[in-house]
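Q: One letter stands for each residue in the lines below.
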Amino acid sequence: MTESPITFRGRVQDALAGGVPIAIDAGARGHFQGRVRASADFPQMEDMRDRARQIRGLTLSLLDHHLAQFADSVERRGGSVFFAVDAADANDYIVRLAAAEKVRRVVKVKSMVTEEIRLNDALEEAGIETVETDLGEFIVQLAGETPSHIIAPVLHKNRFDVAELFASTLDVEYTDDPTELNNIARTYLRQRFLTADMGISGANFAVAEDGAVALVTNEGNGRISTTAPRIHVAVMGMERIVPTRADLAVMLEVLARSATGQKLSVYSNIVAGPRRSGEPDGPDQFHVVIIDNGRSATLGSSVAEIMYCIRCGACLNACPVYRHVGGHAYGTVYMGPIGKVVTPSLLGLEQWHDLPAGSSLCGACTEACPVRIDIPRLLVDLRRQTTRHKPWTIRTGIALYSRVATRPGLFRLLTRVAGVFGRVLGRSGWLPHIPGLLRSWSAARDVPAPAPQTFDDWWRKRGT
Amino acid sequence: MAATVQLFVTCLVNSLYPNVGKATVHLLESAGYHVEFPLGQTCCGQPAYNGGFAEEAAAMARQMLDVLDVTAGPIVVPSGSCAAMMIHHTPELVAEDRGYAAKAGRVASRTRELTQFLVDDAGVELTNSNCGNCVTTYHASCHGLRSLGVLEQPKRLLDGAGAGRVGLVGEDECCGFGGLFSIEMPEISEAMMDTKIANIESSGADVVVGVDVSCLMHIGGGLRRRGSDVTTKHIAEVLAGDLE
Numbered sequence: 001m002t003e004s005p006i007t008f009r010g011r012v013q014d015a016l017a018g019g020v021p022i023a024i025d026a027g028a029r030g031h032f033q034g035r036v037r038a039s040a041d042f043p044q045m046e047d048m049r050d051r052a053r054q055i056r057g058l059t060l061s062l063l064d065h066h067l068a069q070f071a072d073s074v075e076r077r078g079g080s081v082f083f084a085v086d087a088a089d090a091n092d093y094i095v096r097l098a099a100a101e102k103v104r105r106v107v108k109v110k111s112m113v114t115e116e117i118r119l120n121d122a123l124e125e126a127g128i129e130t131v132e133t134d135l136g137e138f139i140v141q142l143a144g145e146t147p148s149h150i151i152a153p154v155l156h157k158n159r160f161d162v163a164e165l166f167a168s169t170l171d172v173e174y175t176d177d178p179t180e181l182n183n184i185a186r187t188y189l190r191q192r193f194l195t196a197d198m199g200i201s202g203a204n205f206a207v208a209e210d211g212a213v214a215l216v217t218n219e220g221n222g223r224i225s226t227t228a229p230r231i232h233v234a235v236m237g238m239e240r241i242v243p244t245r246a247d248l249a250v251m252l253e254v255l256a257r258s259a260t261g262q263k264l265s266v267y268s269n270i271v272a273g274p275r276r277s278g279e280p281d282g283p284d285q286f287h288v289v290i291i292d293n294g295r296s297a298t299l300g301s302s303v304a305e306i307m308y309c310i311r312c313g314a315c316l317n318a319c320p321v322y323r324h325v326g327g328h329a330y331g332t333v334y335m336g337p338i339g340k341v342v343t344p345s346l347l348g349l350e351q352w353h354d355l356p357a358g359s360s361l362c363g364a365c366t367e368a369c370p371v372r373i374d375i376p377r378l379l380v381d382l383r384r385q386t387t388r389h390k391p392w393t394i395r396t397g398i399a400l401y402s403r404v405a406t407r408p409g410l411f412r413l414l415t416r417v418a419g420v421f422g423r424v425l426g427r428s429g430w431l432p433h434i435p436g437l438l439r440s441w442s443a444a445r446d447v448p449a450p451a452p453q454t455f456d457d458w459w460r461k462r463g464t
Numbered sequence: 001m002a003a004t005v006q007l008f009v010t011c012l013v014n015s016l017y018p019n020v021g022k023a024t025v026h027l028l029e030s031a032g033y034h035v036e037f038p039l040g041q042t043c044c045g046q047p048a049y050n051g052g053f054a055e056e057a058a059a060m061a062r063q064m065l066d067v068l069d070v071t072a073g074p075i076v077v078p079s080g081s082c083a084a085m086m087i088h089h090t091p092e093l094v095a096e097d098r099g100y101a102a103k104a105g106r107v108a109s110r111t112r113e114l115t116q117f118l119v120d121d122a123g124v125e126l127t128n129s130n131c132g133n134c135v136t137t138y139h140a141s142c143h144g145l146r147s148l149g150v151l152e153q154p155k156r157l158l159d160g161a162g163a164g165r166v167g168l169v170g171e172d173e174c175c176g177f178g179g180l181f182s183i184e185m186p187e188i189s190e191a192m193m194d195t196k197i198a199n200i201e202s203s204g205a206d207v208v209v210g211v212d213v214s215c216l217m218h219i220g221g222g223l224r225r226r227g228s229d230v231t232t233k234h235i236a237e238v239l240a241g242d243l244e
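As given, the protein sequences belong to chains P and C, one line each in that order. Take the first sequence: its position 401, counted from the start at 1, is 401 in our numbering, and no numbers get skipped. Take the second sequence: its position 85, counted from the start at 1, is 85 in our numbering, and no numbers get skipped.
Fair warning: there could be bad hints in the mix.
[As the list claims (entries may be wrong)] Taking lysine to any residue pairs in the SDA-like style, the calculated list, with each CA pair at most 20 Å apart, reads:
| id | chain 1 | residue 1 | chain 2 | residue 2 |
| --- | --- | --- | --- | --- |
| 1 | P | K263 | P | Q44 |
| 2 | P | K461 | C | V35 |
| 3 | C | K155 | C | D194 |
| 4 | P | K102 | P | Q285 |
| 5 | P | K102 | P | E124 |
| 6 | P | K461 | C | H26 |
| 7 | P | K461 | C | K155 |
| 8 | P | K263 | P | A249 |
| 9 | P | K461 | C | V207 |
| 10 | P | K461 | C | E29 |
| 11 | C | K155 | C | V207 |
| 12 | P | K461 | C | D206 |
| 13 | P | K263 | P | E124 |
| 14 | P | K461 | C | N199 |
| 15 | P | K263 | P | D41 |
| 16 | P | K102 | P | V250 |
| 17 | P | K461 | C | H34 |
| 18 | P | K263 | P | D14 |
| 19 | P | K102 | P | L142 |
| 20 | C | K155 | C | I183 |
| 21 | C | K155 | C | D206 |
| 22 | C | K155 | C | G204 |
| 23 | P | K263 | P | V250 |
| 24 | P | K461 | P | V417 |
| 25 | P | K461 | P | D381 |
| 26 | P | K263 | P | Q33 |
| 27 | P | K461 | C | P38 |
Calculated directly from the structure, the hints in this document are not laboratory data. Only a predicted model underlies this, so the values are computations on that prediction, with no experimental measurement involved.
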C-alpha cells in the first residue's frame, strides 16, 4: 500500500485533488435512495428502528452474560469459541489452527472485522492462500487496495476499472461487459470454493440462545464458503451478539433496508455448528473467534453508544463528507460518520483525534441510522477530549470569545468597535480580505463585514 | 393586551445581520406580539460547544440563562441552530450545576425557532412578501431541520406570502459550514459548498432563503466569490422586507 498523509485533512486534500470518482457519490446516493424507499414501503420501519435500538442497548448492558451464553451454546453444538484480546491474538489463533489442520487455501466472506485485524496479511505471511469471494472484496484484493465502503467495498471503481484489472491480473481477454466480468470472477472463484480447506466469515449477528451465526450476503458466496470447506471460522466483534432469534429477526428487518434498500438480503444464512451426523453438508469444524480489540474499553467509555452499530453503511450513504471524499480518506477500514467514532475508539484517540473534527455535525447520519446512534453527540464528546490538539489560534479565539461573551458590557463595546471597522473596511457589506484565523475560510468565500450599527444599539435607540 | 415574546437575536445577527433582527421584530409585532429584547444577551455558546470547548460553552450558556430566565413568555430565536443549541445542548452542558440545570430546563421549554413560533404556535398566515418578483428557493439548515423539525413552516410562510419559491435539489444536504469545521477542514467544507451552490444555480432561484444566517453567510460568501448573481436572505428579511 502506498503511504498516505497522516492527517484526515491531508487525505481529504489528496482525495479532492485526485478527483473523487463520480461512482462514489452516485453509489452512495443510490443506496441512500434505496433506504428511503424501503422505509417508506414499510410502515413499521420507525417502530422497528426503536425496537432495534432497544435490543442493542439491552444486549450491550448485559454483554458478558450474553457472550457466556453464546459460547456455551456454540460449544454445545460441537463448535469451539476463542476469545481474542486483540488483533494479534485473533490472527495467531486462526493461523495456528490453519497450520495444525494443514490448510493451504482459505476462502473468505466479506467481513469488516477481518479487515480490522488484517487477517489476510497474517494468513498470507504464513503461506496460506487467501481468496476473498465477495465480488467487491475480490476486486479490492486483486487491486491490492482496501474497501472504500462498509458494504460496497469497491464503490470507488467503475466497470472499466474492473475490466482493466481483470485483464491485467487474471489472464483473461479484456471485456467491460458486466455479465462477462461476473462470469470471469465466477469461474475463478468456483475453483477456489471447491478446493479450499477453510472458509472464514464474519458474523452480522450471533445469537446467544442457540449459538447460531447469521450472515447476510447478496451473492451466495457466504453460503458456499461456510459449507464447502471442511473448517468454518466465524470472526466477530464481541458486540455482534443478539440474545434471541426473535431479536435477530428485528435486526435483519432493519439491516437490509438500511444498507441497500432491500427487504431482506438475497441470502440470509443462519449457521449453527459443524455438520452433524446424517447431514449432507457443512464443515467438520466450526470455530468462532470473538474479538475485543478495544471494544470493552469503548463500552466503558462515554462513546459506548457507538457499539450499537450494526455496520449497515447507511450513515456513509447519507454523509455529505463521505460522498465527497470516499472511504479511503478516513485512513482505516471504518469510514464515514461511524468511522470517525469507531477508529479513535478502537485504535486510540490520540492518534486519530482529527477524525472527529472532520464533521459539520449535520446529523444526516443519525437520521439514517437504523439504531439511531447520536453520532454528532459522540463526535462532540471526542472533540472535548482533544481540544488541546486544536491550532492555538482556535483555542485562543474561543477562550477570548468566551471571556468577552460572558461580559455583556465588554461584548457591547467590542461589537460596536467591530461595527466601526465594518463601516471603514466593508462599505460594500463585505470585507476585502481576512488574515489570520479566517484565512482558510476566505480563500474560497467572501466574508461579510460587521454592520455599522449592531442590533443591540438599534434596539436601544429605537426605545420600547 | 398583546402577549409578550422575548427575542434572543443571536451573536451573528447582532453584529453582522442586524436587519434580520429588525425584520424579526417587525414580523412578531405585525403578528400582534409585544417584543422584548433582554439586554445583556450575547451568544448561546454554540461555536464553542460544537468545537468541544465545553467549559467555554458552559460559561456562555450560563450568561445566556441568567439573562433569559428572569423574563417571561416564549423566547423566539431567528436561528435554527441556536434554538437547537438552547433546547437540546444547553441543558446537558450545565446539567451538573443544579441551579443552572433548572434554568436551562425552563429556558429550553420556552425557546422556539422563529418560523416554528410563527406557524406552529402563533398560527400566522402571511399574504405578501417584500420580495417583489424574486424567485426564492429554500435551503433547510441542518440543525433546524434535524433537531427541531423545521422544514414545512418556512416553506408554508414563503408560499403563503407568494415569494415565488422553487424547489432545491438536495435542500436538506449540509452546505459545509459547520462552524469551526469550515476553518479546520476548509477543503471538504468548500467541496460541500460547491455542490450546494451548483444545486442553487440550477434551481433558477435568485434568492436563497434560510432560517440560519450562519449557513447563509457561508453560502452567500461562496456565491459572491464566484461572481454569482444569486443572493442569500434570511426568511425574516423576505417576509418583512427591508427595514432601513
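Q: Hint by hint, which ones does the structure fall short of?
A: 3, 7, 9, 12, 13, 14, 16, 18, 19, 20, 25
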